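Listed below, chain by chain, are the residues.
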Amino acid sequence: TQLLEQSPQFLSIQEGENLTVYCNSSSVFSSLQWYRQEPGEGPVLLVTVVTGGEVKKLKRLTFQFGDARKDSSLHITAAQPGDTGLYLCAGEPFGNEKLTFGTGTRLTIIP
Amino acid sequence: EPEVTQTPSHQVTQMGQEVILRCVPISNHLYFYWYRQILGQKVEFLVSFYNNEISEKSEIFDDQFSVERPDGSNFTLKIRSTKLEDSAMYFCASRAWLGYTFGSGTRLTVV
Numbered sequence: 002t003q004l005l006e007q008s009p010q011f012l013s014i015q016e017g018e019n020l021t022v023y024c025n026s027s028s029v030f031s032s033l034q035w036y037r038q039e040p041g042e043g044p045v046l047l048v049t050v051v052t053g054g055e056v057k058k059l060k061r062l063t064f065q066f067g068d069a070r071k072d073s074s075l076h077i078t079a080a081q082p083g084d085t086g087l088y089l090c091a092g093e094p095f096g097n098e099k100l101t102f103g104t105g106t107r108l109t110i111i112p
Numbered sequence: 634e635p636e637v638t639q640t641p642s643h644q645v646t647q648m649g650q651e652v653i654l655r656c657v658p659i660s661n662h663l664y665f666y667w668y669r670q671i672l673g674q675k676v677e678f679l680v681s682f683y684n685n686e687i688s689e690k691s692e693i694f695d696d697q698f699s700v701e702r703p704d705g706s707n708f709t710l711k712i713r714s715t716k717l718e719d720s721a722m723y724f725c726a727s728r729a730w731l732g733y734t735f736g737s738g739t740r741l742t743v744v
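Chains A and B, in that order, give the protein sequences.
Under the working numbering, the first residue of the first sequence carries the number 2, and numbering increases by one thereafter.
Under the working numbering, the first residue of the second sequence carries the number 634, and numbering increases by one thereafter.
Keep in mind the hints are simulated off the structure, nothing from the lab.
Bear in mind that the values here come from a model prediction, so they are computed numbers and not experimental data.
Glycine included, C-beta positions come from ideal geometry on N, C-alpha and C.
Any given hint might turn out to be false.
With a cut-off of at most 20 Å between alpha-carbon atoms, the simulated DMTMM-like pairs for lysine to aspartate or glutamate come out as follows [what the hints assert, rightly or not]:
(1) A/Lys58 to A/Glu18
(2) B/Lys675 to B/Glu651
(3) B/Lys716 to B/Glu651
(4) A/Lys71 to A/Glu98
(5) B/Lys711 to B/Glu701
(6) B/Lys690 to A/Glu98
(7) B/Lys675 to B/Asp704
(8) A/Lys57 to A/Asp72
(9) B/Lys675 to A/Glu39
(10) B/Lys675 to A/Glu55
(11) B/Lys675 to A/Glu42
(12) B/Lys675 to A/Glu6
(13) B/Lys675 to B/Glu701
(14) A/Lys71 to A/Asp84
(15) A/Lys71 to A/Glu18
(16) A/Lys60 to A/Glu6
(17) B/Lys675 to A/Glu98
(18) B/Lys711 to B/Glu689
If you want the ones that stay clear, here's a sample from chain A, every Cβ over 12 Å from chain B, calculated [claimed, not checked]:
(19) Ser8
(20) Ile14
(21) Val56
(22) Thr101
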């Protein structure tokens, strides 16, 4: 069974600070995706990374896929209250269509 | 932006009853999925569907579950005899290439 552990589980910081969320596994994935989920809604895709070492930027969000394709990070610069939410990583194994979701990081940005 | 539409948004059913959850995937997507999320837990894969047949299913997806694409637009999940532990948010997703688009979910409550 492939597991994705996210850390921290909860994070509460002041507006304007930087933060990093980690997604780690002992398994190798063909791609890794980051989602944001609002209460009562489905996950919304933020980014997909597919190449080991790949870095993608989405405005103030920077996503990195580990060289060994086992881990990923999400870095937010100058966090804003609108960034508050549940962030999920999800890995797609090779030759397999099902996503394995991480445990989630609940982020709260305090104005 | 194209959406995955799920109906109903909420469903309350008595234990032992059959329920059908409905989804309209994005029209040019070829891969369809059902995931579920029990309150406070991770999003879990149930089943994937491609070319009018199940391509993969999880241990959760037992004989009580079935999926169907009865026409060119709808994708349904049927639970034949619901149990209390089936209470969860059920998410439909579809995919073209990279990245999944999830619907807003159906909250199923079995009483």
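If you check each hint against the structure, which ones fail?
-> 2, 7, 10, 13, 14, 15, 16, 22
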